[in-house]
Amino acid sequence: MTVRAWKKGLQKLEAIGERVRNTKLTDTSNAFNTARIEALELDNLFEVALATAISAFERKESRGAHARNDFTERDDENWLKHSMYFPLDKRVGKRDVNFAPKTVETFQPKVRTY
Amino acid sequence: MLVSLYRYNPETDSAPYMQDVEVDIPEGKDLMVLDVLNLIKERDSSMAYRRSCREGVCGSDGMNMNGTNGLACITPMSQVVKKNKLVLRPLPGLPVIRDLVVDMSLFYKQYEKVMPYLVNDTPAPAIERLQTPEDREKLDGLYECILCACCSTACPSFWWNPDKFIGPSGLLQAYRFLADSRDTAQAERLSNLDDPFSVFRCRGIMNCVSVCPKGLNPTKAIGHIRNLLLQRAT
Ligand code: SF4
Ligand code: SF4
Ligand code: FES
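Residue numbers (this note's numbering), protein chains in the order written: chain G, 1 to 114; chain Z, 1 to 234.
It is worth saying that the hints were derived from the structure and are not from the lab. All values reported here derive from a predicted model rather than from experimental measurement. The beta-carbon is built from N, C-alpha and C at its ideal position, and this holds for glycine as well. Accuracy of the hints is not assured; some may be wrong.
Calculated Cβ distances over 10 Å to all of chain G for the following chain Z residues [stated by the list, open to error]:
1) Y17
2) Q19
3) V57
4) I74
5) M77
6) S105
7) D140
8) R176
9) A179
10) S181
11) V209
12) S210
Distance windows between CB atoms, simulated [what the hints assert, rightly or not]:
13) G:A15 - Z:E22: 31 to 37 Å
14) Z:E22 - G:W6: 39 to 45 Å
15) Z:P95 - G:L88: 41 to 47 Å
16) Z:R129 - G:E73: 46 to 52 Å
Residues on chain G that point at chain Z, a partial pick, calculated with CB under 7 Å [unchecked claim]:
17) D27
18) A31
19) F32
20) T34
Given these sequences and hints, build the entire structure.
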């Protein structure tokens, strides 16, 4: 991921978001209404897509499948953390990994080079 | 291509009816029946049907396609379409909730009756209850059932007595546990099946075998159960 590619992706997402907000449910039946289920799924899928994109941008490192061209290294110093996404203001926060203990003798966090 | 759909919405229709729709099938592609339904739903979101995995694993989209039960997601159009026409109906014999969605309660009730779980009250070993490879092999062709109901709803005996005849799907599962070397409830299982209806309503019509999308053979399993019941009686 590069910042330019990310910005382009976010623009596309926002355009889709506009369409998602305009979805209309024509089937309002109470009998096994699969159109309603799909409309709810669409809302949820979009929220998750947005959360994924914004959180990925804020996480300034590479880690596993999260690979960035501008931050190619894994950064345990700053990013051995959970990302927290707040949809109301589209903000990303960090939160400590709440395992106790956070590290164990035999498996120290380290770069995976295999 | 002409697709004829069984439509029924209990809130607005006094009776079910058939709706004919014209669908453009992309050239040179052999779509699955489920793909065609999805194309239809893109245009008319009120068309109701169940589906989930779209690869023949979940058992959600059992339906009647040009007269034959099967899973829409793994049935290619080339296999069912006749004279450029496809007729889609809900699984026969069960109450329709809406369009292609049937009420499976009776089917599940029959399944429940056969105690579809391992019964063994002896203390469990530390790791697991072992089985020889030969004993494990006896479960092949039984455990793979995905409860799609294609077989039971193709069975005339089940149409007549859906409340009393367990039906091919339930009986296949009954035998799956009767044949399990780790199960200790064989006597109880057989007693529960020992009446004129539960098993003996099967007339060996074999409709179940010809429609099972997983290639299973309920008739054979039913034969084994019959033998066990007869052995017990003598
Ligand atoms: S073989 Fe038995 S269970 Fe199968 S369809 Fe025929 S009557 Fe039904
Ligand atoms: S035996 Fe076959 S047709 Fe019957 S419920 Fe199981 S998978 Fe479906
Ligand atoms: S959608 Fe799961 S079996 Fe067809």
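Hint check results:
The beta carbon of Z:Y17 sits about 16 Å from the closest Cβ of chain G, which is more than 10 Å, so the claim that it is off the interface holds. Distance check for Z:Q19 against chain G: the nearest CB is about 15 Å away, which clears 10 Å, and the non-interface claim stands. Z:V57, annotated as away from the interface, keeps every beta carbon of chain G farther than 10 Å; the closest lies near 19 Å. At roughly 20 Å, the least C-beta separation between Z:I74 and chain G is larger than 10 Å, which holds for a residue marked as non-interface.
Here Z:M77 stays apart from chain G, with its beta-carbon at least about 22 Å from theirs, past the 10 Å limit. Under the 10 Å C-beta cut-off, the non-interface status given to Z:S105 relative to chain G holds; the minimum distance is some 14 Å. The beta carbon of Z:D140 sits about 35 Å from the closest Cβ of chain G, which is more than 10 Å, so the claim that it is off the interface holds. Even its closest Cβ contact with chain G, about 31 Å, leaves Z:R176 beyond 10 Å, as expected for a residue assigned away from the interface.
For Z:A179, the requirement that its beta carbon stay farther than 10 Å from each beta carbon of chain G is met, with the minimum near 37 Å. No beta-carbon of chain G is positioned within 10 Å of the beta-carbon of Z:S181; the least distance is around 40 Å. Its beta-carbon lying about 30 Å from the closest one in chain G, Z:V209 satisfies the requirement of being farther than 10 Å from that chain. Distance to chain G confirms Z:S210 as a non-interface residue, since its nearest Cβ pair spans about 29 Å, more than 10 Å.
Evaluation of the 31 to 37 Å hint for G:A15 and Z:E22 yields a pass: the beta carbon distance comes to about 32 Å. Evaluation of the 39 to 45 Å hint for Z:E22 and G:W6 yields a pass: the beta carbon distance comes to about 44 Å. Distance hint for Z:P95 and G:L88: a CB-CB separation of about 45 Å, consistent with the stated range 41 to 47 Å. At roughly 49 Å, the beta carbons of Z:R129 and G:E73 sit within the given window of 46 to 52 Å.
This hint holds: G:D27 has a C-beta 4 Å from the nearest C-beta of chain Z, less than the 7 Å allowed. For G:A31, the interface hint holds, the least distance from its beta-carbon to any beta-carbon of chain Z being 5 Å, beneath 7 Å. For G:F32, the shortest C-beta to C-beta distance to chain Z is roughly 4 Å, which falls under 7 Å, so the interface hint holds. Interface hint at G:T34: satisfied, since its Cβ lies 5 Å from the closest Cβ of chain Z, which is below the 7 Å cut-off.
Every hint, counting from the list given before, is met by this structure.
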